[in-house]
Amino acid sequence: MGDFSIGSLEETVLIILLMREESHAVEVAKVYEKHFAQTISIPAIHVVLKRLEKKGLVKSFMGEPTPERGGKRKKIYQGTPSGYRLVSEIQERRQQMWSEVPKPSFNYGIV
Amino acid sequence: MESYKNPPSWALRALQRICPSDLIEEVEGDLFEAYQWRVAEKGDFYARRHYISEVIRCLRYSKIKVQFTQNSSFMLLKNYLKTGFRFLWKTKGYSSLNILGLATGIAVCWLSYIFVSDEYSYDRFFENADQLYRISATMASEDREDSFAGSSYIMGEEFTDRVPGIKASSRFKSGFGLLKVGQETFAQSTRYADPSFFEMFSIQFVQGNAGAFDSPNVTVIDETTAARLGITDIDGSQEIELTLGTEITRFQVLGIFKDLPVNSSLRPRIILPFVFWKTQVPERRLTTWFDINMNTFFQLEKGASQEAVSKSMTDILLAGQDFGEMKVAMGLQPLKEIHMDQELGTGNGIGGSADGQLVTTVTIIGILCLIIASLNYSNFAIGNYLTRLREVAVRKVFGAQKKFVFQQFVSETFISVFIALLVSIGIMALILPVFSEYANKQYTVETIFGSQFLMGGLGLLLVVTVLAGVYPALVISRYTILSSLSGREKKGGRNIFAKSLVVGQFAMAVFLITGMLTINKQLNYMLDFDLGYEDENVVALTFGINDQNEITKFKTELLQIPAVEQVTMNSGYNGTNMNLDDNTSLDVDHIRVDPDFLSMLEIPIVKGRDFDKNLASDFTQSVLINETLAKELGMEDPVGQRIPFKYGDLDQPMVIGVVKDYHTASLHSAIPPLVIYMSPEYLVYRHFLKLNTDNPEVIDQIEAVWKRNFGPNPFNFTFLKDVNERQYELEANIKNMSQSGALIAVVLSCLGLMGVVGIQVRRRLKEVSIRKVVGAAPGQILALFSLRFVGLVILGFTIGIIVTFFFINKWLEEYVNRIDFSWDIGGIAVLITLLVSLATIISQLYKAMYLNPVTYLKEE
Numbered sequence: 012m013g014d015f016s017i018g019s020l021e022e023t024v025l026i027i028l029l030m031r032e033e034s035h036a037v038e039v040a041k042v043y044e045k046h047f048a049q050t051i052s053i054p055a056i057h058v059v060l061k062r063l064e065k066k067g068l069v070k071s072f073m074g075e076p077t078p079e080r081g082g083k084r085k086k087i088y089q090g091t092p093s094g095y096r097l098v099s100e101i102q103e104r105r106q107q108m109w110s111e112v113p114k115p116s117f118n119y120g121i122v
Numbered sequence: 038m039e040s041y042k043n044p045p046s047w048a049l050r051a052l053q054r055i056c057p058s059d060l061i062e063e064v065e066g067d068l069f070e071a072y073q074w075r076v077a078e079k080g081d082f083y084a085r086r087h088y089i090s091e092v093i094r095c096l097r098y099s100k101i102k103v104q105f106t107q108n109s110s111f112m113l114l115k116n117y118l119k120t121g122f123r124f125l126w127k128t129k130g131y132s133s134l135n136i137l138g139l140a141t142g143i144a145v146c147w148l149s150y151i152f153v154s155d156e157y158s159y160d161r162f163f164e165n166a167d168q169l170y171r172i173s174a175t176m177a178s179e180d181r182e183d184s185f186a187g188s189s190y191i192m193g194e195e196f197t198d199r200v201p202g203i204k205a206s207s208r209f210k211s212g213f214g215l216l217k218v219g220q221e222t223f224a225q226s227t228r229y230a231d232p233s234f235f236e237m238f239s240i241q242f243v244q245g246n247a248g249a250f251d252s253p254n255v256t257v258i259d260e261t262t263a264a265r266l267g268i269t270d271i272d273g274s275q276e277i278e279l280t281l282g283t284e285i286t287r288f289q290v291l292g293i294f295k296d297l298p299v300n301s302s303l304r305p306r307i308i309l310p311f312v313f314w315k316t317q318v319p320e321r322r323l324t325t326w327f328d329i330n331m332n333t334f335f336q337l338e339k340g341a342s343q344e345a346v347s348k349s350m351t352d353i354l355l356a357g358q359d360f361g362e363m364k365v366a367m368g369l370q371p372l373k374e375i376h377m378d379q380e381l382g383t384g385n386g387i388g389g390s391a392d393g394q395l396v397t398t399v400t401i402i403g404i405l406c407l408i409i410a411s412l413n414y415s416n417f418a419i420g421n422y423l424t425r426l427r428e429v430a431v432r433k434v435f436g437a438q439k440k441f442v443f444q445q446f447v448s449e450t451f452i453s454v455f456i457a458l459l460v461s462i463g464i465m466a467l468i469l470p471v472f473s474e475y476a477n478k479q480y481t482v483e484t485i486f487g488s489q490f491l492m493g494g495l496g497l498l499l500v501v502t503v504l505a506g507v508y509p510a511l512v513i514s515r516y517t518i519l520s521s522l523s524g525r526e527k528k529g530g531r532n533i534f535a536k537s538l539v540v541g542q543f544a545m546a547v548f549l550i551t552g553m554l555t556i557n558k559q560l561n562y563m564l565d566f567d568l569g570y571e572d573e574n575v576v577a578l579t580f581g582i583n584d585q586n587e588i589t590k591f592k593t594e595l596l597q598i599p600a601v602e603q604v605t606m607n608s609g610y611n612g613t614n615m616n617l618d619d620n621t622s623l624d625v626d627h628i629r630v631d632p633d634f635l636s637m638l639e640i641p642i643v644k645g646r647d648f649d650k651n652l653a654s655d656f657t658q659s660v661l662i663n664e665t666l667a668k669e670l671g672m673e674d675p676v677g678q679r680i681p682f683k684y685g686d687l688d689q690p691m692v693i694g695v696v697k698d699y700h701t702a703s704l705h706s707a708i709p710p711l712v713i714y715m716s717p718e719y720l721v722y723r724h725f726l727k728l729n730t731d732n733p734e735v736i737d738q739i740e741a742v743w744k745r746n747f748g749p750n751p752f753n754f755t756f757l758k759d760v761n762e763r764q765y766e767l768e769a770n771i772k773n774m775s776q777s778g779a780l781i782a783v784v785l786s787c788l789g790l791m792g793v794v795g796i797q798v799r800r801r802l803k804e805v806s807i808r809k810v811v812g813a814a815p816g817q818i819l820a821l822f823s824l825r826f827v828g829l830v831i832l833g834f835t836i837g838i839i840v841t842f843f844f845i846n847k848w849l850e851e852y853v854n855r856i857d858f859s860w861d862i863g864g865i866a867v868l869i870t871l872l873v874s875l876a877t878i879i880s881q882l883y884k885a886m887y888l889n890p891v892t893y894l895k896e897e
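Residue numbers (our numbering), protein chains in the order written: chain L, 12 to 122; chain D, 38 to 897.
Okay, chain D solo, but in the shape it has when bound (with noise of 0.2 Å):
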């Protein structure tokens, strides 16, 4: 035989790369030919010169057009494609199930990931985003440390000047004041901000600009506030009138800005200038260095370092006041950082900041709702895979390897996730409106459709093909050309799976039916607690009043409606420190009320009595104080001593009586030591009237005497229990969603259930035909399939309720007032899967129970 020169083997290799697939064999065999024939011409290295110089020029071969042959990659991933939709089509029923399914998860996966990137999106906008920040101190004593964000006149005036590193800085605050609106006047709030703001935030005018900013009375709006103003253009002479505490002023519109976003923190509608703010307040205010009543902004420079700017204000600061045993240090918190921060709050202009307990539970619902619909997507697709071994079994004969198997399995999880995905965002579509409520969002249809809809969607549909997908074609792709060709099935390893599958579904969804329960539990729980004192019927308006002339003829008239039975006027909770013999110190809240506040609001009195009109010392010199702060100052008769309060011009009042404990703000706070007097230092600002009847007709009566006496000002009244309920809004959001996300969850789960019941019922068809012929009664039927899933579900619940143990109780430290959680709960959460669960393994038994054994076994 012959021998053959083998041509370079690198020269081969690079052949084989760059030639096209369908020609890769005639070239390869026509230049191997013809390296043979010029070695026995001209020899070796002539030879090899060629064969070099002819691999590189195949490069030319992409210019000619190939038509796609029979194994391109393209032609499979078409036939997978097809062969995937057929099967789809096939199984309609559990295809239709099983996508619908994972349209859900996907669905309630997607909005939670809107609900919390929104949440995270606050104030990032900004163009100096990076470089803005607010002051923050901490104030720190021998046993407590105190962070809060904000500061005071002059630190905006003298940090600016002297602090290195500082671009712009800008205060911010906010004010109230009465809009005029044609002949109306609406309370409005307005914002008070430096003239280097507008740089700063990078503010857009769409008419005329903020000019100097700094004569006092001249302003800027946007553009709702222009639209409602109806100013269109600026040419100077626009002016808006607003009554500030008693004064009518009027401002020059200089400009009208575009909104701000609603995902911004601070949302100005009229921005007035510090200059003004300036006149109107005394000299002390703006001096004082811990006056803190704004909010400073600063533009750091780039580059500059936050703790570097920290020290220096705290220098600054420390060198201007001394504080003696209090530590005092301050702080810069990032612009970006002050919607999600719960710790150094948002106000004096700066909007609500997140909840953070809400975008917790809104996260663990999207992701276990997406697991969940993942894994029912797997154990279905497994089961229903294997009726398709012998189709593997036959592309494998025709020499498929596994990874091409693996690749037909994962691109047919991909058609169905790309499917349910469709689905998902007509299922978003319908909840939307449900869940902009719970969320406390205005969502529409546009915002699914937002910046990120696509990367949202591309990311989901990845990562479900992956979860979904991956396993069950693992599991296909694994058996050999044999076993699946004999219709034999490997058994323990997919059974374990699917079995802790089931497993570890109805343990996620024990443990959000249990979380849902308990925080039901203690919403229902706070809204039924006894706050120590009636709420029923008792309406409050809200409006300070100094003038004690003022004050006697207002409640004279409302005391004329006949509905009203009885009113009283108090300032509202306040709070101060006590300094007690010991040189420590007791933060005490304390309220000025009237005579007829604790008999109005039925505050039992413990023991003492309660304040008495007639006797004038009492408007003076006398206290009721509250279990608690009794209890605080150790005194075991406190009624007839004097205690150490000092306030305007009280000064070591004597105590008359005790009132039992009742709580003074929500139920997430202990009740605080509490020093209740008449003296009328204090204006009042609330005042409460009880009504006999429910009646609206009443509202209307209080309104006309409010009219009467307070003029322009607008009228706002409120009830005070649904004042009381509105605390724990968070709670019932948190309720609400969780609600809705058990349920989705018990319905994904009993989704996995039923598929796995049905696909074991199919399995075993025969099985059951031939024990029915020997005579097993339905019931035994029953009992020989549920008895082993039932024990899987018991087996999810055990792992659920020990792990929602745990985190329920931390949700629960959270609050002074709390349930404990109770097996009750836990027993409930169990009796409804149980039961659920029993129902779907029933539906799915149905067939298997009342079948014709003939049906089955006549096939061999």
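Chain L with its partners taken away, still in its complex shape (with noise of 0.2 Å):
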């Protein structure tokens, strides 16, 4: 899994990020609370975004003020390709692994 280890949340944000060309905080919000259907709150978000971007997975730069930001600038980040890299690894291997669960499995009641 290369140099990093990476923690589930940090790896949901970083996909979410790379769904698009660039997001900001509340927009990874928004998309987490459409694909999970539970809310999160901001700072956790910007501290992942953080941990990532100094992992280098992520890279960050100053926007625009907006007024529905009540006229502060935001910072968008955008997804590396080690970002990419790292994230297509990891959802290579789980579906590997995944190919090897027995389907329909009657271990788990499931037909």
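Hints listed in this document are in silico derivations from the structure and should not be mistaken for laboratory results.
Heads up, some of the hints might be wrong.
[What the hints assert, rightly or not] Below, computed lysine-lysine pairings styled on DSS-like, alpha-carbon distance capped at 27 Å:
1) K373/D - K204/D
2) K45/L - K79/D
3) K83/L - K433/D
4) K478/D - K86/L
5) K558/D - K478/D
6) K42/D - K41/L
Once you've looked at the hints, go ahead and assemble the two chains, each given alone in its own frame, into the complex.
So, in structure tokens, the structure goes:
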């Protein structure tokens, strides 16, 4: 899995970032809530983003101030190539492992 | 336009406090945006709750390690330090001069602090210091009141038993003996103490212990004495041999204790038990209430009141003895105050007290030097900063507020002060040996790095930074962008400040110089003062002899030495009082002499005659008196009259002559009424030898005679002139201190003047150039600048002299025999400073006087 260990929330946020060219924390939160049907706090996302940035998996730049942000500038994040490679590698390995799970499985009562 | 809902403002403010500055923009914006979104989706309440909980969660950000970015205050500080150092480097010459001046001021102040705090630290280290007191007493009659510290044997006994609130008590007394070390004997002072002494004063034993300390022939000694005697282990067989009086006594050594620190008033070397002292004195001395000859220390119970104990002691005393008209009250003096209290005095085993005047002098010098040095720095700094107005303007354009500019310049001062502090440690190490000598202390380099080193350094760092740095920083931060960019300066305010600094500095310098000169003159006056007798080439020996045959033998043998011209023996001066007819009493000094006393010391006789050794009655019923006594008694012609003097065998003796007044003690006190007699009642104690040579071999011959007569007693001699001069040691120390202080103050003041003049000159080089082009001669340029500064300096002098006049007269009033503050001293002080300051001004103006106008005019 490369040089980095990465937590599951970090992986999720990274995937959300990779879905589009660029997004900021609130957009990440919106997508997250849409897919998981549960709320997430913005600071939690901030912490994750900073960690990812430190690991070099995302990069960021300051955007322009807009009125819906109370006149503050937004910080915009993008996935980096190494972020992309890491996530795809993780997905491939998962897929690989999942394929070895027998389906349907009688053990779990699923036919 | 769409309207936005605002999240709760208190939560927003909380967020701004919690959130690190480099994240705030992003976080605040994100939370705001999320708030709008949640309001739209699920309503106000939900959104608000979320917002608040998210603000709280922002505390997590402190876990994210952030890098310092542009607007952190640390970054700014780094920038200040960087520009500060660059500027110091750029103006190397001025900066090093400035820092050197500051360092000198700091060094002087620091040393004074070390000295003064050392004086105040006496006896504070004792564990029970707060509870320890010694007995004092006050005796008051109608017209006078005397206070003294001291007590009698019985006081220690009775008070301890009967006064409530006393936890422990110990008497303390000095003794004297000859200690046998190897085969030789040395004069050695001893101390007597009671058994509880060791507990009260937390004496630490390295070997053995004081035990019960209640048998007569035991002792404990300190480590130094133990090392001298070669005693290392204590097993009960160690003994010391002391000759006390005429008897040789052996004492068993019970223990060795740690030497007491230097800043202790009590520094016993050999402690003997009071039980032993008791066996040595007549019964009378153990029961007389007012046989004051020792100290008694009490350790009071915690919470016991000093007044109550004093009161109860007084009651017991008054019940024990009737004092008639005299009002007597007992008192307690806290141990911690003994060193600084000069009124109650020391003695009887307690070491010398502080010299109050010296402490004051040193404090004044320290503070003045620090102030002068700080003012110098301010002055220099303002001038120097003016060349940086553009920098300030640019900073302000970029958004620096007044506050930041202020901080910047204060932190620059901080750098300079810090460097100066380091330099000052070097300076201190250099002047420490001289300082120790003047202050009568044994300071070593370690003293500087003593316990208070860090505190002192930190304190000075802050004080000097504030004193020196705040004003220039205020001035410079007040400039508006426009006025600083245009290079135009505000004139009025700053100049007045700089000028008043110069005036203040010179006032202080003149104060110190005049003070120094006055002390100098007073000292010389006292040293050259005609004491009324001849002390040249007179050797004094001190030893008590009682036996008339021994006296005669010793005298005859001394006179056989060819270089000894005359020998006279006397009792030294003692005091008593005379009861006059009108029921008043008069304190008089008296001295027993032999027939050669007056002739040898060349004391003139005004009326009557000298003693005649062939007249038997002169030895029993005749006295000489001095002029003061004659005047006190109101006798026009006392010769042939009897005076009411009663002492020993003498009663109503006949006055055979009047001697001219001469000083029996130092010039600090007035000449007392004096009676001179030849009665053999009193033992002789002082032996004066008149030599006709200053060849040191004579001393060896005298010593040989001494050895033959008084065996093991150590031979000590002094020259009477030295003894007399040593009485003014304090004045000599003050003189030395103030001399150095004044010198440093003048140098520092001139540094300041140099700074002010130099800056003025640099700023007006163009003007001078134009003047020169138009035809001004160097002399005119000199006059142009120097006149205004000379005016300032003279104003400084005037203020300084007035202040000095006031203080010096106060100081002189303490001397009975004193010089008057004369204007010639002031004149000399002014002349010295004027010359030095003129030289300083000219050194700075030299550049302006001989400049080539082209250099400074071609720029524009």
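Against the structure, the hints come out as follows:
Distance restraint check for K373/D and K204/D: the Cα-Cα separation of roughly 18 Å lies within the 27 Å cut-off, and the hinted pair is therefore satisfied. Simply put, K45/L and K79/D have alpha-carbon atoms about 14 Å apart, close enough for the 27 Å limit, and the pair holds. Restraint check: the Cα-Cα separation between K83/L and K433/D comes to about 25 Å, which is no more than 27 Å; the hinted pair holds. The suggested pairing of K478/D with K86/L is violated, with an alpha-carbon distance near 69 Å, which exceeds 27 Å.
With a C-alpha separation of about 25 Å, the suggested pairing of K558/D with K478/D holds against the 27 Å cut-off. Among the hinted pairs, K42/D with K41/L is consistent with the structure: their alpha-carbon atoms are about 19 Å apart, no more than 27 Å.
Checked against the numbered hints given earlier, the structure breaks only hint 4 and satisfies all the rest.
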